[in-house]
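2 protein chains.
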Amino acid sequence: MDKLTIIKVGGKVVEDSDSMILLMDHFAKISGNKILVHGGGRAATDLAKKLGIESQMVNGRRITGKDMLDVAIMVYGGLINKKIVAGLQARGCNAIGLTGADINLISARKRPVEPIDYGYVGDIEDVNSSDLRILLNENIVPVIAALTHDGKGNLLNTNADTIACELAVELTGHFQVFLFYCFEKKGVLKDPSDDNSIIHELDVDSFKKYQNEGSISTGMIPKLDNGFRAKKAGVKEVLITNTDSMTSGKGTRLI
Amino acid sequence: MDKLTIIKVGGKVVEDSDSMILLMDHFAKISGNKILVHGGGRAATDLAKKLGIESQMVNGRRITGKDMLDVAIMVYGGLINKKIVAGLQARGCNAIGLTGADINLISARKRPVEPIDYGYVGDIEDVNSSDLRILLNENIVPVIAALTHDGKGNLLNTNADTIACELAVELTGHFQVFLFYCFEKKGVLKDPSDDNSIIHELDVDSFKKYQNEGSISTGMIPKLDNGFRAKKAGVKEVLITNTDSMTSGKGTRLI
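Going down the list, the protein sequences come from chains A and B. Numbered by my numbering, the letters in the first sequence go through residues 1 to 255 in order. Numbered by my numbering, the letters in the second sequence go through residues 1 to 255 in order.
I should point out that these hints are in silico values taken from the structure, not numbers from a laboratory. Nothing here was measured: the structure is a model prediction, and the numbers come from that model. Heads up, a few of these hints could be off.
Where chains are identical, the list cannot tell them apart; a pair therefore holds if satisfied intra-copy or between any two copies.
Computed list of lysine-lysine pairs in DSSO-like fashion (alpha-carbon distance at most 30 Å, straight line) [claimed, not checked]:
(1) Lys29 x Lys152
(2) Lys12 x Lys208
(3) Lys66 x Lys49
(4) Lys50 x Lys12
(5) Lys185 x Lys3
(6) Lys50 x Lys66
(7) Lys66 x Lys110
(8) Lys12 x Lys49
(9) Lys66 x Lys152
(10) Lys29 x Lys232
(11) Lys66 x Lys12
(12) Lys66 x Lys29
(13) Lys236 x Lys185
One chain only, chain A, in its complex shape:
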C-alpha cells in the first residue's frame, strides 16, 4: 500500500505568520500522498470580537451560535484555508482547499442540545473518502478546514484533531497512514513547565497513569484520545510533534 501522510496543525501554528511559512515550507517538501488538516486558532475569536459577537463559554468550551458559525466558515473555510492553498501553490504543491461539505467528505450530526447546547457543532458520522482518493491519485493535495456538514445544507464546526483522526482511520484501508499532530511544543511533556521533558514513546497505560497523576496538560488529553483511537484502528504511526520536527520523526510516538 502507498504511504499517506496526514498533518494536523493547531491553532497557534496558523495564528503566527512565521510559523505558517515554516509549516508550508516543510509540508511542501513531504514526498508522496499528503493531507493537511488545520484549525483556526484565535483568528475566529478575534474576528467575532471585532463584530461584537460574544464568545459564550461553558465548561471551558465555546458555544457556536449562528453568528459564530458564520465567522468560523469565513475564517477557517475562507481566510486561513485559501491562504494556505495559495502559499502551497507558490511552493509547487498542487493544493486544493476543502471542508467536510465539499465532495461530501465528512458528514456530521449536530450535537444533541442536552445536557449542554453547544450550538452548531458537529459530531462526525461518516467520512466518505472515494472522491478524496481520486484527488490524491492525481497528486492533488487536500487542505482541510475543520468544518463538516449535516447533509441538509448546514455546515457545522468540528474539532480539527477529531477530523484528522477520523480521516486517518477511514484511509487506513487504502494507505499506510502516518498521522502527525503538530503543535507548538516538541511533543507530549512529562512536566508541562519543562519544554524538554518530552515523552518519546507513550502507550495507553502510561497515558492513563500520567492522566491520573495530572502531569499531562488537560489540553493534550482529547488530542491523545484521538491519537490512540487512530493507532488502535490501524494507523501505522501517530506522532505528536511540532512543525520543525514534522519530517524528522522526533516527538512523542504513540505505541
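Put chain B on the given structure of chain A with help from the hints.
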C-alpha cells in the same frame, strides 16, 4: 463533445436567501457537466463596514486594499462559497468549492498601479483546466468564487463575469460550452425602466448601436463584452437571463 453548462450568478442573486434557494434548486437539476461561478454582492461591503474598513471607490470601482482583500477571501471564498456547496450537497449535487488558487485553476497578475492603483485586483493570465476536467469527469460539480492567485502565494480579487468567460473559452476545446449569465432581470433590456423590453437576440453591431444610444445600462456593458468574447472564441451559446429562466433558454441570446 460532451455538453458543459457554466452558470454565473451575480451579486443580487447571492445576497438574497430566497433567490439563493431558487438558484440551488434550479442548478441542482441541470443534467450533465456543470460549473457555478459566483460573485459576492453586498455581503463583502457589509462586512467591511462592520469592521470599519473603508470601501474606497475610484470612478465607481472599488479599490481592494489588503484588509478588503481579506474580507473578499472570507466572504466569497468562505461564507458564500461553502454555503452554496453545502446547499447543493443537500440537493444531491456533488459540489466542490474552489477559488483560482485551488488546483492552480486561474493565475492572474496584480493589475498595474498606473494610472489607478486598484489594489489587490487580478487580471487573468492563464486558466489551467486539466485538474478541473478530472473533477468534471468524476461528476464533481465545481463552485467557483471570484478569486484568483498570482502563483507567489497571493490571492487576488477578480471579476466573476470575466472568470466565467475565461473558463468558458478555455473549456471550448473540450466541451460544447453553454454559458449563462444570471442576474436579477429577465435579460438585456432595450429600456432599463421596462423589465419586459427584453432583447431576445443580440449581435455585436446592435450591441454597439444600443451602447451609442445609451439604452443599455452601463452595468451590462462589461458583462456583454465578456459574453461576446466567449461567443467569438467558440462558446456554443451565451445567454443573459435570470435564475428562473436558467434552464428554459429564455433571455437574451448573443448571436
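> Is it within, between, both or neither when you check Lys50 against Lys66 at 30 Å Cα-Cα?
Replying inline: Both. Shortest intra-copy (16 Å) and inter-copy (17 Å) distances satisfy the 30 Å Cα cut-off.
>> If the cut is 30 Å between Cα atoms, do Lys66 and Lys49 qualify within a copy, between copies, both or neither?
In response: both (15 Å within a copy, 20 Å between copies)
>> At most 30 Å between CA atoms: does that hold for Lys29 and Lys152 within a copy, between copies, both, or neither?
In response: Cα proximity of Lys29 and Lys152: across copies only (17 Å, versus 38 Å in one copy).
>> Cα distance capped at 30 Å. Does Lys66 pair with Lys12 within a copy, between copies, both, or neither?
In response: This pair counts as both: shortest intra-copy Cα distance 25 Å, inter-copy 23 Å.
>> My question is about Lys66 and Lys110: at a cut-off of 30 Å on alpha-carbon distance, are they close within one copy, between copies, both, or neither?
In response: within (13 Å within a copy, 35 Å between copies)
>> Treating 30 Å as the Cα threshold, decide for Lys66 and Lys152: within, between, both or neither.
In response: The answer is within: 16 Å in one copy meets 30 Å, while 35 Å across copies does not.
> Given a CA cutoff of 30 Å, do Lys185 and Lys3 count as a within-copy pair, a between-copy pair, both, or neither?
Replying inline: Answer is within: at 26 Å inside a copy they meet the 30 Å cutoff, but 53 Å across does not.
> Between copies, within a copy, both or neither: which fits Lys50 and Lys12 at Cα up to 30 Å?
Replying inline: both (20 Å within a copy, 26 Å between copies)
>> As a check of your reading, is Lys29 near Lys232 (CA-CA no more than 30 Å) within one copy, between copies, both or neither?
In response: Within one copy only: 28 Å inside a chain, 43 Å across chains, cut-off 30 Å.
>> Regarding Lys236 and Lys185, is the shortest C-alpha distance of 30 Å or less found within a copy, between copies, in both, or in neither?
In response: within (22 Å within a copy, 57 Å between copies)
>> When Cα atoms must be at most 30 Å apart, do Lys12 and Lys208 count as within-copy, between-copy, both, or neither?
In response: For Lys12 and Lys208, the Cα distance is within 30 Å only inside one copy (26 Å; across copies 56 Å).
> For the identical chains here, do Lys66 and Lys29 meet the 30 Å Cα criterion within one copy, between copies, both, or neither?
Replying inline: between (38 Å within a copy, 29 Å between copies)
Violated hints are absent here; each numbered hint is respected by the structure.
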